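Q: So the chains spell out like this:
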Amino acid sequence: MAPEEIRTVIIDILGDIAPDEDLSSLDDAVPFRDQLELDSMDFLDIVMELRKRYRVQVPEEDYPALNSMASTVEYLTPKMADVVAT
Amino acid sequence: MYDTIIIGAGMSGLAAGIRLAHYDQRVCILERHYTIGGLNSFYRLNGRDYDVGLHAVTNFTEKGAKKGPLARILRQLRFKWEDFSLAPQKGSRVVFPQAELKFNNDLDLLRSEIASAFPSQIDNFEDLLKKVVDYDDLDQEMFEISSRTILAETFSEPLLIEMLLCPLMWYGNAAEDDMAWGQFCIMFRSIFIEGFARPYKGVRLILKNLVKRFRGLGGELKLRTGVKQILVEDGHAVAIELDNGEQITGKRILSSAGNIETLRMCSDTSEPDPRRAGQLTFIESISVLDRQPDTFGNHDTIVFYNDSEKFHWQRPESDLCDIRTGVICSPNNYEYSDDDGRLADGIVRITSIADFDRWNNLSKEQYALEKLRWYDRSVESAVRFTPDFRDYVIDTDLFTPTTIRRFTWHDNGAVYGVPDKQLDGTTHVDNLFLCGTDQGYVGIIGAMMSGISMANLHCLRD
Numbered sequence: 001m002a003p004e005e006i007r008t009v010i011i012d013i014l015g016d017i018a019p020d021e022d023l024s025s026l027d028d029a030v031p032f033r034d035q036l037e038l039d040s041m042d043f044l045d046i047v048m049e050l051r052k053r054y055r056v057q058v059p060e061e062d063y064p065a066l067n068s069m070a071s072t073v074e075y076l077t078p079k080m081a082d083v084v085a086t
Numbered sequence: 001m002y003d004t005i006i007i008g009a010g011m012s013g014l015a016a017g018i019r020l021a022h023y024d025q026r027v028c029i030l031e032r033h034y035t036i037g038g039l040n041s042f043y044r045l046n047g048r049d050y051d052v053g054l055h056a057v058t059n060f061t062e063k064g065a066k067k068g069p070l071a072r073i074l075r076q077l078r079f080k081w082e083d084f085s086l087a088p089q090k091g092s093r094v095v096f097p098q099a100e101l102k103f104n105n106d107l108d109l110l111r112s113e114i115a116s117a118f119p120s121q122i123d124n125f126e127d128l129l130k131k132v133v134d135y136d137d138l139d140q141e142m143f144e145i146s147s148r149t150i151l152a153e154t155f156s157e158p159l160l161i162e163m164l165l166c167p168l169m170w171y172g173n174a175a176e177d178d179m180a181w182g183q184f185c186i187m188f189r190s191i192f193i194e195g196f197a198r199p200y201k202g203v204r205l206i207l208k209n210l211v212k213r214f215r216g217l218g219g220e221l222k223l224r225t226g227v228k229q230i231l232v233e234d235g236h237a238v239a240i241e242l243d244n245g246e247q248i249t250g251k252r253i254l255s256s257a258g259n260i261e262t263l264r265m266c267s268d269t270s271e272p273d274p275r276r277a278g279q280l281t282f283i284e285s286i287s288v289l290d291r292q293p294d295t296f297g298n299h300d301t302i303v304f305y306n307d308s309e310k311f312h313w314q315r316p317e318s319d320l321c322d323i324r325t326g327v328i329c330s331p332n333n334y335e336y337s338d339d340d341g342r343l344a345d346g347i348v349r350i351t352s353i354a355d356f357d358r359w360n361n362l363s364k365e366q367y368a369l370e371k372l373r374w375y376d377r378s379v380e381s382a383v384r385f386t387p388d389f390r391d392y393v394i395d396t397d398l399f400t401p402t403t404i405r406r407f408t409w410h411d412n413g414a415v416y417g418v419p420d421k422q423l424d425g426t427t428h429v430d431n432l433f434l435c436g437t438d439q440g441y442v443g444i445i446g447a448m449m450s451g452i453s454m455a456n457l458h459c460l461r462d
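Read top to bottom, the protein sequences are chains A and B.
For the first sequence, our numbering begins at 1 and goes up steadily by one.
For the second sequence, our numbering begins at 1 and goes up steadily by one.
With the rest of the complex left out, here is chain B:
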C-alpha cells in the first residue's frame, strides 16, 4: 500500500513526488509514456537533442531572490539556484504589422516601449500593473472574470490590448478568444514582470535533477505503465488497475492526467462531456541551422507575431493549422555563461495553432506529406517577422498535435488543458486530487508549483 500514487511523470507529478518522498511517504509515479517530462520532454533524432515544449522557463528571478515562484519552488524542493542553471533571455518582441513592443526581464523596457508606441496609454498601463499586482491567487471567483472586459475598461487603444494578450495567451491560455483574469495575472507576472530563461542543456537538465532527487528519496517511478482505471467505491478510490491488469493500492491518488482524462479513468463515472476539453493545440517546427542566429541578424529570444490588428486565438476553422499568428523561439539567444558558451547548432523553433482532429484523421502517407507542407507554410509566415533563415537549414523536424497527445495523453493534445480550471484540485472522489495544467498553473515553474501546492494541501496533512 502506497501513501500516495501519482499519475504522470511530468513537472507537476515529479515535484509532488519529491515533496511527499522527502516527508517519508511511500510514493509511486506511474507514467504511460516511455519517457518522463509530459509536455516538457525531450527526444533525440539524427544525433541531435530536441526539446518538446520548452521555449523558455518563465518566472525567472536572479540568484538570491527570496520572492516569486522560482524561489519558492527551490525552497520547497530543497534545490539550489544552480541546480536549474537558468540563463536569462537576451530580449523578446511582440510584433503586429502596425506596431512592435520589445521586452526583456526588466519591466522598464516594456514600459518605455509602450510610452513611445502608445503615448496616450502609459498611465493606463500603470493602472493595469496595479491591478495585476493586487490580484490574489486561488480566488476562484476573481479568477474567472473576463480579461477582455477588464482590459477594455483599462485601455482606450484596442491594438495595445491585442498586443498584450498575444504572448500571454500563447504561453498559457486554455480557453479560446478570451482569457480568465486570474490566468492573465499569473501569465503577466511570469512573462513581463519576472521573465524568460533557459538552462544551457535544455529541459532535460531540470528533469534529470528532479528524477535523481525523487529516486534518491526512495520514490518509485514506473515508465510504460498506463492506468486502465481507478476503482471507486462509495466515492472513495480503493485501487488502481494498470493496463497490464495488475492492481495497486494507495491511500490517495494525485493525478496530472487532466481533469476529464482522470474522471474518465474512474470506474464510477460515465463518459464525461467532451465539449469541456481544451481545443488549443499546436504544430511546432524545429529548424537546425549551419550558423548561429545572431550572425544573420536574429538577436531575439522569442518573437510573438500576429499579421493583423486583431489577434485570433482559436482552433482553426477550416484547415489543419492557422498561421496568421505564431511564436518564433531561438534558443541560442539566451545569455549563457562563459563556461557553457554557445549552443552547438543554430536553432529556430516556430509554433503555430493547429487542429487536433484534422491531424489525427490523416492517413500515414497524408500525415507525412502534411508535415512537410505545414513546415514550409509556417516558416514562410514567420519570416515576415524574423530574418529569413531558410538558406541555412541543415535539418528539420515538426511535431504535431498527435505528438503532443502521445507525450501528454491530454484530450485533443490540448497544450494548456481544459478552460475550466479546478483550483482546489478536488474531485468527486474523496481521496483523488488533480495537479498540473488542469489545476490551474501552466509552464514549467507553474506545473512544479501546482504539484507542490496540491501535495501540501491534500497529501501531507494526516
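Bound conformation, chain A alone:
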C-alpha cells in the first residue's frame, strides 16, 4: 500500500470508531488527541482494527507512533508495503 492508501485506511477506521467526528478537516500534522474526542479505548481500537483488517501487528511500545495522521502513515508505510489495497 502506498502512503496515500494507508491514509484512506486510517480515515476509514476512524470513521467506524467515531462516526460523529468530521474527518474531512483533519490536520495530518496535529495529534489526533488535539482535534478528535478519542480516549485510550478508541486508540486501542485503531490498533485492533489494523490487526483485524490487514493482519498488521502494532506492539504496545510502538503506540506513541500513532500520535497523528502523519506519524501513523510514516510508521505503517514499511509495515504495510506488501498489503494489497482492496
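For the record, the hints were derived by calculation from the structure and aren't laboratory data.
One or more hints might be untrue.
Here are the simulated DSSO-like cross-link-like pairs (lysine-lysine), alpha carbons at most 30 Å apart as the crow flies [to be verified]:
#, chain 1, residue 1, chain 2, residue 2
1, B, Lys-102, B, Lys-131
2, A, Lys-52, B, Lys-222
3, B, Lys-310, B, Lys-371
4, A, Lys-52, B, Lys-130
5, A, Lys-52, B, Lys-80
6, B, Lys-90, B, Lys-208
7, B, Lys-67, B, Lys-131
8, B, Lys-212, B, Lys-63
9, B, Lys-310, B, Lys-90
10, B, Lys-310, B, Lys-80
11, B, Lys-212, B, Lys-251
12, B, Lys-212, A, Lys-52
13, B, Lys-67, B, Lys-208
14, A, Lys-79, B, Lys-251
15, B, Lys-102, A, Lys-52
16, B, Lys-66, A, Lys-52
17, B, Lys-63, B, Lys-102
18, B, Lys-130, B, Lys-66
19, B, Lys-131, B, Lys-90
20, A, Lys-52, B, Lys-208
21, B, Lys-212, B, Lys-67
22, B, Lys-310, B, Lys-130
23, B, Lys-90, B, Lys-130
24, B, Lys-80, B, Lys-90
25, B, Lys-67, B, Lys-102
26, B, Lys-251, A, Lys-52
27, B, Lys-80, B, Lys-63
In this text, all values refer to a predicted model and were calculated from it rather than measured experimentally.
Assemble the complex: chain A is given as a structure, and chain B must be docked to it using the hints.
A: Using the frame of chain A, we list chain B on its own:
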C-alpha cells in the same frame, strides 16, 4: 476450544461478547436462566410486558455528545445513538419530610433547589462538584475512602448529606450505611450530572439489539446452561464443566456471576466466606393503572423518599422488608418521541429494601401471602410521597429477593453485588477474570462499560 468463554448473558457479558466477537474471537456466552438480561431482564404476565430492574438508564447524554460513558459504549460497540432510542426523564425528586429536592438532566435545577432549600450550603455544593469531577476512576485507594467522611467535611447540614446519599445509594451502593467514595462519584455523575432516560420499549430493546449484534458477529449464546465448576490446575483454568456434565474449554474465562459466586465454582477453592456477600436486596411492586399517571397529578419520573431525617441503608433487622425508604418509578413520565406516543398502560413501580433470608425461608403458602401483604404495605408507605393511585389499579405483580436471585444467581439476591469491588477484574486464577457488578460498575450503562473494559484489558491483548 473457545478464545473466551463468558459466564452470564447480562449487560456486561453481552457487551464483552460483542467486543470479542467483533475482533474475530470464538466466543461462547453461558447463561443459567432461560432468558437473557440478568438483573435487567423482562417477562410477560397476563398479556403485559414487565421489566425487571430497569427504572431508568442512567448516564444519559444527548445525541451527538462525544464524552461520557454512553458515547463511549456506543463507539466501542459500534452502535448508533438511535439503537438504544433513549427518551429523557421529565423530572425527579428526593423527598424527606423536612425538605424536597427536584432534579432533572440539567444540573442547574438541582443547584437552584439546593440554593433555595439549603442556602448556607450552595458554596459547599460547588466544592463537592469539584471533588466529584476531579475523581479518577480505577484508583483503588481513593475508591475505598468513606463518602460520609468526605461529605461531613464538605457540608455543615446533615439533612442535605442524607438527601444526596439517598438516590445514589438506592441506585448503586452494595455496602450498608456508608458508600465507597469512588462509587459515590460514579453514581453522582451518572444520576445528577448526566441523568435518566428510558427506551419506549423498555430494557428489552437494548437487550434485543445486543443479542442480535453478538449473534451476527458469530457469537454463541447458550441459555439454560449453568456452570457446575471451573476446573483449575496450578492456578490456571483448564476447562468448564456444565451442569449437564459436558466439558468445554477456552483460553480464558470472563465471569459476570459475581466474585464469591465465581470463586465458589473454581475446583481449587474451599467455600468462600459468606459474610463478604452483599446484603442489600429489594422487593418491587408493579401496579398497572387504568389511566396515565399525569391525569391524577403524578408528573415525576422517579421519587426517592425517606420518612425521617436520617436515611437508613441497611438490611432489615426484624422483618421481611424495610419500608421507611423507597423508590417510586413511573415509566410513563419520560419524554417519549411523538412517533412512540404514550405507553399503553399507566404504571407505577415501588421498590423497598428486603431481607433475602426471611423471604427465602417462607413456605409456598406463606410466600404468596407475604407478597400480598408487602404489596399493600409498600404502596401505603409510598403514597405519602406521591399522589395516591390505589383506586386506579387493574393489575399487580411483586417480585422479591428470591426472584432477583433466580435472574442473577447472585448470593442473597444482592442487587449491587459484594461491597468490596475488584476493580482490575483479576482473580487467583491467571486466565479467569470478573466483569459486571462485582468488578465495580453498576447500572445498565455501567454494566456494559464493565464488560467492555474487562474485555479490552484482559481478553484482547494477545
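Q: Indicate, hint by hint, whether the structure satisfies it.
A: Hint-by-hint comparison with the structure:
no.: 1; hint: B/Lys-102 x B/Lys-131; verdict: holds, 22 Å
no.: 2; hint: A/Lys-52 x B/Lys-222; verdict: holds, 26 Å
no.: 3; hint: B/Lys-310 x B/Lys-371; verdict: holds, 27 Å
no.: 4; hint: A/Lys-52 x B/Lys-130; verdict: violated, 41 Å
no.: 5; hint: A/Lys-52 x B/Lys-80; verdict: holds, 21 Å
no.: 6; hint: B/Lys-90 x B/Lys-208; verdict: holds, 26 Å
no.: 7; hint: B/Lys-67 x B/Lys-131; verdict: holds, 19 Å
no.: 8; hint: B/Lys-212 x B/Lys-63; verdict: holds, 22 Å
no.: 9; hint: B/Lys-310 x B/Lys-90; verdict: holds, 27 Å
no.: 10; hint: B/Lys-310 x B/Lys-80; verdict: violated, 43 Å
no.: 11; hint: B/Lys-212 x B/Lys-251; verdict: holds, 25 Å
no.: 12; hint: B/Lys-212 x A/Lys-52; verdict: holds, 21 Å
no.: 13; hint: B/Lys-67 x B/Lys-208; verdict: holds, 25 Å
no.: 14; hint: A/Lys-79 x B/Lys-251; verdict: holds, 29 Å
no.: 15; hint: B/Lys-102 x A/Lys-52; verdict: violated, 49 Å
no.: 16; hint: B/Lys-66 x A/Lys-52; verdict: holds, 25 Å
no.: 17; hint: B/Lys-63 x B/Lys-102; verdict: holds, 24 Å
no.: 18; hint: B/Lys-130 x B/Lys-66; verdict: holds, 21 Å
no.: 19; hint: B/Lys-131 x B/Lys-90; verdict: holds, 28 Å
no.: 20; hint: A/Lys-52 x B/Lys-208; verdict: holds, 26 Å
no.: 21; hint: B/Lys-212 x B/Lys-67; verdict: holds, 26 Å
no.: 22; hint: B/Lys-310 x B/Lys-130; verdict: holds, 26 Å
no.: 23; hint: B/Lys-90 x B/Lys-130; verdict: holds, 26 Å
no.: 24; hint: B/Lys-80 x B/Lys-90; verdict: holds, 23 Å
no.: 25; hint: B/Lys-67 x B/Lys-102; verdict: holds, 25 Å
no.: 26; hint: B/Lys-251 x A/Lys-52; verdict: holds, 19 Å
no.: 27; hint: B/Lys-80 x B/Lys-63; verdict: holds, 9 Å
When held up to the earlier numbered hints, the structure conflicts with 4, 10 and 15 and fits the remainder.
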